[in-house]
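Residue numbers (the working numbering), protein chains in the order written: chain R, 1 to 226; chain U, 1 to 479.
FYI, nobody ran anything at the bench for these hints, they're computed from the structure. Cβ coordinates follow ideal geometry from the N, Cα and C atoms, glycine included. One thing to keep in mind: the hints can contain errors.
As the list claims (entries may be wrong) - Some chain R residues close to chain U (C-beta under 7 Å, calculated; not the full set):
| hint | residue |
| --- | --- |
| 1 | Leu84 |
| 2 | Ala109 |
| 3 | Thr110 |
| 4 | Pro161 |
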Amino acid sequence: MSQFILLLLALGLGLWSIQTLRTVLVAAPARKASRAGYFAQSAGLLSDLRRQIQPTGFARMAGRYRGLAFDLQAVPDTLTFRKLPALWVMVTVTEPQALTSETHIMARATGQEMFSTYGQMPFEVTLPPDFPPHCTMRSSDPAALPVPAVMHALATLFTDPRVKEAVLSPKGLRLVVLAEEAERNNYLIFRDAELGRQPLPSPRLQTLLESLADLHFTQCPIGTAA
Amino acid sequence: MTDFDITSKEIDGMGPHGTKVGLLRVLGPAHVWALGVGIVLVGEYMGWNFAVGKGGAYAALIACWFAGILYTCVAMIDSEVTSTVAAAGGQYTQAKHIIGPLMAFNVGLYLVFAYTMLEAANAITAGYLISEVAALTGYAGELDQRPFIVLAILFLAWLNYRGVLATLTFNLVITAIAFAAIVILFLSTTGVIGTSLMHHAELMSGPAALPYGWIGVLAAMHFGLWYYLGIEGTTQAAEEVRSPARALPFGTLAGIMTLLIAATLTWYVCVGLIPWEYLGDGVNGSVAPLFDAARLTGSQPLLWLLGVGTLFATLASANGCINDASRAWFALGRDKYLPGWFGAVHPKFRTPYRSIVFLVPIALAFALKAPLDQVVTFSILSGLLEYTFMPLNMIQFRKKWPMGSIKRGYEHPFHPLPSIVLLSLCAITFFAVFLGYGTQLVAMIVFYIVASLWFHFWRYRFVSRAAQFTMPWPRPKGY
């Protein structure tokens, strides 16, 4: 009886090993494809499309929306300590802005965000009261902050808890939003972080593109030299 | 990215895995179970039995329960601070905001060394297990464990180096083996299934019960922490946006309950099968007590089940330790508490590769040169220092930002009682460590003093002071 149970155990372990190996071999190309096609659903939103695969395997896309040049990046962040790994989507308007300083508004700042130079900004500035309480602002020049209309628009954007950072600089505008987080159970046990298996839905990205385009035109009204 | 109603009062969390608010859904059956395995369940498979060597069988059980009280206080205190400090980062971030950079530097070191020593202990156990399996399958002579210790650490370090791109997508079933193995062993040996193999009356009679008297119970507190060490980190995988429900300590307390049950089952089975003198010697005697208990049953399936369970638990634990220790070291580098060189990110794998590589030889040195009880002791001491910091942190937190001055996600009750209880239990445990491991205690304290002096007199000049405090809190009371 004991030999039989032993055989069953060995068989179970063998089957599990084969299944795991198969999962790994099948999962690797599928993962590569899903990361490369992360923005695939949204490709139709942009004209003059250019694509690139980042060293991380995630897609990067650039093109035009409402006549403005946009850049899209997906950045996996597994460098966090005591926090679930996250996938950030960075949407950037790469058009010159009527600004002389660089300003960062960050939600739940740790100062160690890998995707941002927030931690290196020299001055911390008090935010207007209409921003959520967990937001902080830093700037390279507190005397040259964005206009109140832009700040008010940003305050509305930050009511969405998925919005992580807004960057306003002479070179462009950027929004960083949380796209995904790692599955909790797998992370707790194996520090496993499977991100980017589902593409970014097009409506969500379009909302971000619209928000940034509106922000750009508020910052630089049409006819105003940047 | 899934669209859902973020204003919903029924759904919490932010990711696509948001769960319904409410106690039962906060815990979730798989979640409760998952809290107990991985990094922490390995404490049931090895290391706890040194408590038997210090005070006898009953002492180990009493130490287990008192350690449960200690960790309950840890859970309550930690939940209040975690729920209020929106910036993630555990006790390290808390120390930066509430006490200051020197304390944060020390807390960072506590975390790194607690996990690195645990990783070394896991590797020693894995090496032992492989050598025992070799002996059981007919290998003549004694198999050198060192290559397997090195292989285990290097393989897991390589996995962590590759990071996200090397996700293996393990099936959760294999972790069920680690927990189920303990339950099956309990059912098989206690007479629930088949004949009872227990000999508690014979093995625990006379002086065997408390061989060193009540001072032995005190001494056993030293290794009582090993049952739970790391749980405060295991359950602190914070989401980007934490809902108030998630801030409650129920998750951690559920994990402690899971471990308490597993620890009691483990203790009951092992002390009923293995003489306390052999059980309590985890270096030359019972290195992996559950595995040895299974061996004594004479049942081959049980032996293999517990062998596989031990191996999975140790490797899963070591993997998490490498991950957490390297990220803590990386965070210290990013904050300039350590040379910024350690704060580099691999351009392709997006991992803290320099921190990972740097810590490997430290883990190897302890795994290859130090006996298991000393490696476990170093890990416990670092953890103990962190638990000593926590009540001091809590007292300062309530003093600088009293109730009502800032919004707290969770307010733990009966303050300052949990802080006083935690501080008292930590003091008792330090004394327990001193009983028999005074040299290690002194060495550890000297190390942290020297490190603190280095930070204060040299390293602090590189720290960007304004960058340490990122929370939009009002000025502390009295400042």
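**Request:** Could you tell me which of the numbered hints above are not met by this structure, giving the numbers in increasing order?
**Result:** Violated hints: none at all, because every hint is consistent with the structure.
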